[in-house]
Every structure is written in C-alpha cells, then in structure tokens.
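**Student:** Sequence:
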Amino acid sequence: MQHTTRRRGATAWPLGAALGLLLGLGGCGKVQEAASEKLAERAIESAINQDGTQAKVDLSKGGYQVQGQDKDGKAFSVQMGQAAISEQDLGLPFYPGAQPVPETANRIRNGEVMMVQLELRSSDAPGKVGDWYRERAKALAKPNSQTLDQSGSSGTELMLLNPDTEESLMISVKAEESGSRITLVHGLKAAG
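In my numbering, the protein residues as written are 1 to 192.
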C-alpha cells in the first residue's frame with residue numbers, strides 16, 4: 001500500500017502566486033506611469049530651482065502645477081492645462097454655446113501679476129463671434145484705455161489695455177473647419 005502525503009495548500013500557492021503576478025503585471029503600467037511622473041516632476045523642479053528658486057511640481061492632476069518662491073522670495077504658481085477658469089476670472093462672458101477646448105486652461109501668478117487663459121470652440125462663424133466679443137470689449141473700455149481691433153477673413157484680434165489698473169484683455173477668434181476657435185487672455189494685478 002502506497003501512502004501519499006498531500007501538503008495542504010500546495011496547489012493553492014501556485015494558483016495564488018499566478019493570480020498575484022497577473023494582478024501585479026496589470027498594475028505595472030500604473031506603477032511605471034507614477035514613477036515616470038515623479039521622475040518628470042523632479043527633472044522640472046531641478047531645472048526651475050537652478051537659480052535659487054524653490055518650486056514644487058505636481059503632474060498628477062493632468063496638465064501641470066508648479067508652486068514656489070523665486071530667488072527673491074516672491075511667491076508664484078503655475079497651472080497649465082487643467083486650471084479652473086471662470087467668466088469672472090476672464091472679466092467677460094464665454095461666447096454662448098461655446099465649449100472649452102480640453103487642456104487649454106492656464107493660470108499663472110507671479111507676485112502681484114496674474115494671467116488666465118482659456119480656449120473655446122464654437123460652431124458659429126468667426127465674424128459673428130468676433131462681432132459679439134467686440135461689443136463686450138467696447139463695454140469694458142474706460143476713457144483712458146488703449147484698444148486694438150484687427151479683423152480679417154481668418155478672424156479677429158481684439159486687445160484692451162487699461163493703464164490705470166494695469167489690466168489687459170486679449171481676444172483672438174480664428175476660423176476652424178467647423179466654426180471658430182476663441183482664445184481669451186486676461187492679465188491683471190492679483191488681489192492680496
């Protein structure tokens with residue numbers, strides 16, 4: 001009579017190990033992505049920090065975010081691609097029905113100076129969109145404002161500068177295959 005000894009769990013271990021390995025390999029892309037992200041963050045920080053600036057880079061939220069102080073101790077922050085930009089931030093309304101272009105919302109602040117930028121798409125023709133923004137820019141103009149208005153077959157460029165408040169507004173409307181691409185930029189002195 002032959003006696004066979006079966007160790008408990010002997011066949012379960014290889015199965016469990018194989019499942020663990022498969023799960024690990026499935027998550028490997030995430031691990032590699034996170035490691036690459038951290039490496040990129042450190043490389044960007046190193047390039048920024050060469051002149052005594054102290055910056056912290058974050059690529060985890062899409063786009064990139066940088067916060068820090070320059071060599072003179074002035075605070076700065078940069079949000080590229082994923083900043084939350086409102087009509088209030090821009091100082092004028094979004095064109096009716098226009099949709100934000102993904103990864104084009106930017107906010108930069110350096111000490112007292114701030115700039116926000118957003119791109120929108122509309123199915124309307126550039127001339128119609130340009131005329132709509134021209135009316136809004138006229139309504140915002142102050143007696144001391146400097147203005148620029150250039151229009152052509154491919155679109156409209158509008159600029160409004162207020163030297164009293166050191167505020168600028170730039171509006172660019174360009175033709176696209178199916179309508180217009182609108183770029184809005186607002187530069188201003190940031191509050192406290």
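Please note: incorrect hints may appear among the correct ones.
With a Cα cut of at most 30 Å, we get these calculated DSBU-like pairs of lysine-lysine [stated by the list, open to error]:
| hint | residue 1 | residue 2 |
| --- | --- | --- |
| 1 | K128 | K74 |
| 2 | K71 | K128 |
| 3 | K189 | K174 |
| 4 | K56 | K189 |
| 5 | K71 | K142 |
| 6 | K174 | K71 |
| 7 | K138 | K128 |
| 8 | K174 | K142 |
| 9 | K142 | K128 |
| 10 | K56 | K71 |
| 11 | K74 | K189 |
| 12 | K189 | K138 |
| 13 | K56 | K74 |
Don't read these hints as lab results, they were simulated from the structure.
**Student:** Do the alpha carbons of K71 and K128 lie within 30 Å of each other, as the hint requires?
**Tutor:** violated, 47 Å
**Student:** Just to be careful, I want the Cα atoms of K71 and K142 compared with a cutoff of 30 Å; is the pair within it?
**Tutor:** violated, 37 Å
**Student:** For K174 and K71, compute the direct alpha-carbon distance and say whether it is at most 30 Å.
**Tutor:** Given pair K174, K71 is violated - Cα atoms ~39 Å apart, limit 30 Å.
**Student:** Are the Cα positions of K189 and K138 separated by 30 Å at most?
**Tutor:** It holds: about 21 Å lies between the C-alpha atoms, which stays within 30 Å.
**Student:** Please work out if K128 and K74 have their alpha carbons no farther apart than 30 Å.
**Tutor:** Violated, at about 42 Å.
**Student:** Are K189 and K174 close enough, with their CA atoms no more than 30 Å apart?
**Tutor:** holds, 28 Å
**Student:** Please work out if K142 and K128 have their alpha carbons no farther apart than 30 Å.
**Tutor:** holds, 24 Å
**Student:** Need the status of pair K56, K74: alpha-carbon distance at most 30 Å?
**Tutor:** holds, 14 Å
**Student:** Are the Cα atoms of K174 and K142 separated by 30 Å or less?
**Tutor:** holds, 26 Å
**Student:** Regarding the pair K56 and K189, is the alpha-carbon distance no greater than 30 Å?
**Tutor:** Status holds; Cα separation ~23 Å.
**Student:** When you check the alpha-carbon spacing of K56 and K71, does it fall within 30 Å?
**Tutor:** holds, 14 Å
**Student:** Do the alpha carbons of K138 and K128 lie within 30 Å of each other, as the hint requires?
**Tutor:** Within the cut-off at roughly 16 Å; holds.
Taken one by one, the earlier hints fail for this structure at numbers 1, 2, 5 and 6, listed in ascending order.
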